[in-house]
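Residue numbers (the numbering used here), protein chains in the order written: chain X, 1 to 277; chain H, 1 to 339.
Hints are supplied without guarantee of correctness; some may be wrong.
[As the list claims (entries may be wrong)] Just the calculated beta-carbon pair ranges, DEER-fashion:
{"id": "1", "chain 1": "H", "residue 1": "L329", "chain 2": "X", "residue 2": "A158", "range": "27 to 33 Å"}
{"id": "2", "chain 1": "H", "residue 1": "S3", "chain 2": "X", "residue 2": "E167", "range": "35 to 41 Å"}
{"id": "3", "chain 1": "X", "residue 1": "S178", "chain 2": "H", "residue 2": "V63", "range": "41 to 47 Å"}
{"id": "4", "chain 1": "X", "residue 1": "L180", "chain 2": "H", "residue 2": "D33", "range": "39 to 45 Å"}
{"id": "5", "chain 1": "H", "residue 1": "L9", "chain 2": "X", "residue 2": "P222", "range": "46 to 52 Å"}
Treat the hints as calculated values from the structure; they're not laboratory data. No experiment lies behind these values; they were computed from the predicted model shown. Think of the CB as a built atom: it goes at the ideal place given N, C-alpha and C, for glycine as much as any other residue.
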Amino acid sequence: MKDFLRFLKTHRPAQGGLLLIVLVVFAAVFANLLAPFGAMEAVPNRFFAPPGGEHLLGTDSQGRDLFSRLLFGARYTLLVALAATLLSLVAGSMVGALAGYFGARVDMLLMRGVDFMMSFPSFLLAVVAVAILGKSLENLIWAVGIAGAPSFARQVRAEVLRIKALEFVEAANALGYSHLRVLWRHVLPNCLTPIIVLGTLGMGGSILSVAGLAFLGLGGDPFVPEWGLMLKLGWDQSAQGASQVGLSGACILVTVLGFNLLGDGLRDWLDPRTRMR
Amino acid sequence: MLSHILRRLLATAPMLIGVSIVSFLLLHALPGDPAAVLLGQRATEENKRELRERMGLDQPLHVQYFDYIGDISRGDFGESHRTNQPVATELKQRVPATIELAVAAMLIASIVGVSLGVLAAVRPRSVWDFVCLFTALVGVSMPVFWLGFLAQKLFAGELEVLPFSGRLDFGSWPTFVSDTGFYTLDAAFVYQNPELLLDVLTHLTLPAFVLATVPVALIARITRATMLETLKQDFIRTAKAKGASPSAVVIRHGLRNALIPILTAIATQFGYLLGGAVLTETIFAWQGLGRYVIEAIDVLDARPLQASVLIIAVTFILVNLLTDLSYTLIDPRLRKKGA
Numbered sequence: 001m002k003d004f005l006r007f008l009k010t011h012r013p014a015q016g017g018l019l020l021i022v023l024v025v026f027a028a029v030f031a032n033l034l035a036p037f038g039a040m041e042a043v044p045n046r047f048f049a050p051p052g053g054e055h056l057l058g059t060d061s062q063g064r065d066l067f068s069r070l071l072f073g074a075r076y077t078l079l080v081a082l083a084a085t086l087l088s089l090v091a092g093s094m095v096g097a098l099a100g101y102f103g104a105r106v107d108m109l110l111m112r113g114v115d116f117m118m119s120f121p122s123f124l125l126a127v128v129a130v131a132i133l134g135k136s137l138e139n140l141i142w143a144v145g146i147a148g149a150p151s152f153a154r155q156v157r158a159e160v161l162r163i164k165a166l167e168f169v170e171a172a173n174a175l176g177y178s179h180l181r182v183l184w185r186h187v188l189p190n191c192l193t194p195i196i197v198l199g200t201l202g203m204g205g206s207i208l209s210v211a212g213l214a215f216l217g218l219g220g221d222p223f224v225p226e227w228g229l230m231l232k233l234g235w236d237q238s239a240q241g242a243s244q245v246g247l248s249g250a251c252i253l254v255t256v257l258g259f260n261l262l263g264d265g266l267r268d269w270l271d272p273r274t275r276m277r
Numbered sequence: 001m002l003s004h005i006l007r008r009l010l011a012t013a014p015m016l017i018g019v020s021i022v023s024f025l026l027l028h029a030l031p032g033d034p035a036a037v038l039l040g041q042r043a044t045e046e047n048k049r050e051l052r053e054r055m056g057l058d059q060p061l062h063v064q065y066f067d068y069i070g071d072i073s074r075g076d077f078g079e080s081h082r083t084n085q086p087v088a089t090e091l092k093q094r095v096p097a098t099i100e101l102a103v104a105a106m107l108i109a110s111i112v113g114v115s116l117g118v119l120a121a122v123r124p125r126s127v128w129d130f131v132c133l134f135t136a137l138v139g140v141s142m143p144v145f146w147l148g149f150l151a152q153k154l155f156a157g158e159l160e161v162l163p164f165s166g167r168l169d170f171g172s173w174p175t176f177v178s179d180t181g182f183y184t185l186d187a188a189f190v191y192q193n194p195e196l197l198l199d200v201l202t203h204l205t206l207p208a209f210v211l212a213t214v215p216v217a218l219i220a221r222i223t224r225a226t227m228l229e230t231l232k233q234d235f236i237r238t239a240k241a242k243g244a245s246p247s248a249v250v251i252r253h254g255l256r257n258a259l260i261p262i263l264t265a266i267a268t269q270f271g272y273l274l275g276g277a278v279l280t281e282t283i284f285a286w287q288g289l290g291r292y293v294i295e296a297i298d299v300l301d302a303r304p305l306q307a308s309v310l311i312i313a314v315t316f317i318l319v320n321l322l323t324d325l326s327y328t329l330i331d332p333r334l335r336k337k338g339a
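The whole structure should be built from the sequences, with the hints applied where relevant.
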């Protein structure tokens with residue numbers, strides 16, 4: 001950790017990324033304190049109000065305060081993306097770890113499955129998954145989570161293969177620990193850093209995928225203040241919804257930018273070749 | 001080398017079978033009974049049973065699967081219940097639309113991405129390097145549908161230099177019929193009308209650039225990284241010492257050796273475009289394969305969905321196969337070893 005802070009001091013892009021993420025997380029956590037209006041609170045007869053005055057960024061088609069909805073949107077967007085990323089991470093890591101640790105047939109079987117999933121473009125995979133599961137924000141989590149799992153599986157497998165060959169694993173095996181214990185207590189903790197990097201970059205990807213699917217009308221309830229759904233709602237109202245499209249898209253861009261900057265930074269930090277410089 | 005090619009071909013076969021099984025199962029995986037979806041809410045049990053029999057849905061799954069494969073191999077993808085048209089007929093316009101868009105985007109992405117990457121690698125820490133890194137970062141963080149919206153507002157709404165959406169201004173060309181589905185080719189070679197071609201190209205410009213965003217970013221990034229690595233090698237110093245011109249050093253000795261990772265990136269991105277085109281096609285009302293998928297999902301139209309998924313996945317697999325095989329052509333070292 002100390003090591004990381006020292007690295008962060010010298011790495012400007014990672015600082016910027018972290019700052020953006022902290023801002024968005026702050027907005028998400030304190031949305032109900034910061035927002036002047038509720039996310040669903042409609043002011044009667046004040047549709048499409050221009051920015052300024054009581055409504056910092058104006059109102060939407062239902063007379064709801066855009067600024068407030070964007071703040072609550074941070075909460076929804078981050079939670080949905082986080083859930084999807086965690087799903088990819090857990091499912092992918094499990095598959096990758098089992099494949100890498102047990103090798104042989106287990107490896108063949110599992111990785112064939114992973115290769116097979118990778119023979120579909122991942123966004124298409126997510127689209128088809130939503131088609132099967134039904135349109136809703138929860139199903140977007142499953143769809144994006146499943147579609148993102150194969151890349152975690154590959155990375156974790158490679159890492160487990162590397163660590164399995166090290167002496168301390170041999171020692172743990174020699175002590176007669178069960179395979180699961182060795183895998184869980186000794187191998188996986190040592191794979192944690194690359195998983196964290198992939199997870200950080202994965203957050204950016206998940207936010208984009210969820211927003212994209214929501215934009216395609218696969219997100220279910222259109223009034224939930226998730227940024228992708230808000231963008232879609234504004235888009236459907238053409239000219240009058242333009243500011244809503246512009247603002248929610250900008251929020252998405254800034255947040256994804258944050259995660260990508262930080263993720264790239266973390267990767268630089270972990271990669272000994274770039275670390276030397 | 002031959003054994004390598006054979007092995008790769010053999011490894012592709014189970015993938016293709018798997019993809020065909022998945023697309024087959026989609027009919028049953030979509031919510032609702034296919035017969036009930038087709039007949040609507042007021043269908044009686046009797047009607048549904050009859051239709052199921054006629055569609056062969058009362059047969060065991062494996063029999064249905066082989067029927068499905070048989071139909072496909074004859075080019076019969078079933079009928080869309082939304083339009084009552086054979087899916088194969090609709091695909092004849094949809095697939096070329098997406099290919100045209102994807103190829104245009106890929107051309108833009110390859111040219112811009114590789115040039116940016118090379119310029120950045122030749123002059124590290126210059127303005128070009130900054131532009132390259134910035135593009136690489138913002139490109140992958142960009143919600144493309146949002147970028148498309150902004151581009152539309154600016155170029156079509158404010159400046160009025162490019163059309164809003166669609167593939168052609170049919171108001172000006174009421175008699176235009178595209179037999180191949182490739183508007184550019186038909187305008188250039190069948191109609192041989194420069195004005196028509198110009199109209200087609202201006203319609204293609206915005207969607208192609210928007211679709212190229214993510215690929216540009218990734219290609220630029222990979223090109224920069226591999227070129228930086230390559231230009232540090234000894235043979236580059238040798239080439240310089242022998243008096244090769246700077247451009248020859250960079251292009252003939254540098255770029256050629258950096259080509260494999262770059263080509264991989266380009267091919268992977270082409271696969272991404274097939275999936276990612278859905279968003280761009282939605283913004284620009286581009287009647288391609290991606291829109292077809294979404295329109296089918298909206299009304300649970302199984303046949304078009306099955307066909308589109310199958311086509312996209314098979315193309316994706318074949319593109320990856322071709323990339324893999326092309327390495328042997330680019331890199332003589334792989335050829336000799338027979339690896």
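So, going through the hints one by one against the coordinates:
no.	hint	in the structure
1	H:L329 / X:A158: 27 to 33 Å	holds (28 Å)
2	H:S3 / X:E167: 35 to 41 Å	holds (38 Å)
3	X:S178 / H:V63: 41 to 47 Å	holds (46 Å)
4	X:L180 / H:D33: 39 to 45 Å	holds (43 Å)
5	H:L9 / X:P222: 46 to 52 Å	holds (47 Å)
Of the hints listed earlier, there is not a single one the structure fails to meet.
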